[in-house]
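Chemist: Once you've looked at the hints, dock chains F and A against the given chain Y.
Taken in sequence, the protein lines are chains Y, F and A. Just so you know, we're using the numbering used here here: the first sequence kicks off at 1 and counts up by one. Just so you know, we're using the numbering used here here: the second sequence kicks off at 1001 and counts up by one. Just so you know, we're using the numbering used here here: the third sequence kicks off at 2001 and counts up by one.
Incorrect hints may have been included.
Stated by the list, open to error - Covered, in the sense of this in silico footprint (three residues per stretch, anywhere, with C-beta under 8 Å from a C-beta of chain Y), are these stretches of chain F:
| no. | region |
| --- | --- |
| 1 | 1032-1043 |
| 2 | 1046-1053 |
| 3 | 1061-1073 |
| 4 | 1081-1091 |
What the hints assert, rightly or not - Residues from chain A that keep clear of chain F, each with C-beta distances beyond 10 Å, as calculated:
| no. | residue |
| --- | --- |
| 5 | R2024 |
| 6 | E2060 |
| 7 | D2064 |
| 8 | E2072 |
| 9 | D2087 |
| 10 | T2088 |
| 11 | A2091 |
| 12 | W2095 |
| 13 | R2101 |
Since the hints were made in silico from the structure, they are not lab data. Quick caveat, the model's predicted, so the values are computed rather than measured. For glycine and all other residues, C-beta sits at the position ideal for the given N, C-alpha and C.
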Amino acid sequence: MPTVYATAPRDAADDLARFLVENRLAACVNVVDCDSVYRWDGTLYDDEAEAILFAKTTAERYPDLKRELEAEHPDDVPCIERFDAVDTLEAYADWVGREVR
Amino acid sequence: MPTVYATAPRDAADDLARFLVENRLAACVNVVDCDSVYRWDGTLYDDEAEAILFAKTTAERYPDLKRELEAEHPDDVPCIERFDAVDTLEAYADWVGREVR
Amino acid sequence: MPTVYATAPRDAADDLARFLVENRLAACVNVVDCDSVYRWDGTLYDDEAEAILFAKTTAERYPDLKRELEAEHPDDVPCIERFDAVDTLEAYADWVGREVR
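With the rest of the complex left out, here is chain Y (with noise of 0.2 Å):
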């Protein structure tokens, strides 16, 4: 069952979960607050205000979720990852399945 791994400026992160959730793109997210260290044009920054998004779906919806999140986010090139777990508890990923229908 996969969870896809996001990361948005933090003031967008609780609206991007909301909109997910919404649009049953995903069941539940989990965000997270962090720093992020990259290099852009050449530039070190270390950006405090940033946060991780965990969102939970299924194999099904996983490519909307995909292409809505890349569309709805502020920046251009997002950090959109999939990883799939190889166990998941079996009553919360019915649940997962439900929501996501």
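Modeler: For chains F and A alone, coordinates are given in the frame of chain Y:
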């Protein structure tokens, strides 16, 4: 080597992490504060008092961790998922193996 | 595409993240505060001054990242693990590849 991704109410997370380590179900648990956005019974929730537990264990101990964490967990349908690393620093993998034996 | 999950003492985490990006071992590192619960030499610890580093790199650069992060890390047995995404937004994957070349 498995990392278990589980969520819990913030005020239960530390006790669950200690439970896993004390019972040698995990060698180490990293606990991270998060907000959780989800729908339950048709209502959208934005719960700012949650936490993610990243629990380090072995393939052998994972079935026990899953069963005992579900039993100990205050939620009816907790998020408990297993993600397998494709590589782990050898000395760390050895340490995890010794701690959960 | 690999994401490296590593932990570090909170006061070393930002320097390690900068080290990885400055040396083009990772394109981006997300640093998250955490508590770590673990047993060491028979004593249970609950260390509230730790951090998780999620480092974005390529399969080609991962062996270098692993070796150099272990050498630079203040702990004797650091948690360094590789998790592979099954899908990554194409523009983001391209950017990571360019940054760690």
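Chemist: All hints, please: hold or fail.
Modeler: Tested hints:
Counting residues of the region 1032-1043 of chain F whose C-beta sits closer than 8 Å to any C-beta of chain Y gives 8, which meets the bar of three, so the coverage hint holds. For the region 1046-1053 of chain F, the stated coverage by chain Y holds: 3 residues have a C-beta nearer than 8 Å to a C-beta of that chain, and at least 3 were required. Counting residues of the region 1061-1073 of chain F whose C-beta lies closer than 8 Å to any C-beta of chain Y gives 3; at least three are required, and the coverage claim holds. Counting residues of the region 1081-1091 of chain F whose CB falls under 8 Å from any CB of chain Y gives 4; the rule of at least 3 is met.
No Cβ of chain F approaches the Cβ of R2024 of chain A within 10 Å, the least distance being about 20 Å, so the stated non-interface status holds. No Cβ of chain F comes within 10 Å of the Cβ of E2060 of chain A; the nearest lies about 14 Å off, and the non-interface call holds. At roughly 13 Å from the closest C-beta of chain F, the C-beta of D2064 of chain A stays outside 10 Å, upholding its exclusion from the interface. Annotated as non-interface, E2072 of chain A keeps its C-beta farther than 10 Å from every C-beta of chain F; the closest such distance is 13 Å.
Distance to chain F confirms D2087 of chain A as a non-interface residue, since its nearest Cβ pair spans about 15 Å, more than 10 Å. No Cβ of chain F comes within 10 Å of the Cβ of T2088 of chain A; the nearest lies about 15 Å off, and the non-interface call holds. No beta-carbon of chain F comes within 10 Å of the beta-carbon of A2091 of chain A; the shortest separation is about 24 Å. Listed as outside the interface, W2095 of chain A is consistent with that label: its C-beta sits roughly 22 Å from the nearest C-beta of chain F, beyond the 10 Å cut-off.
At roughly 21 Å from the closest C-beta of chain F, the C-beta of R2101 of chain A stays outside 10 Å, upholding its exclusion from the interface.
The earlier numbered hints are all upheld by this structure, with none contradicted.
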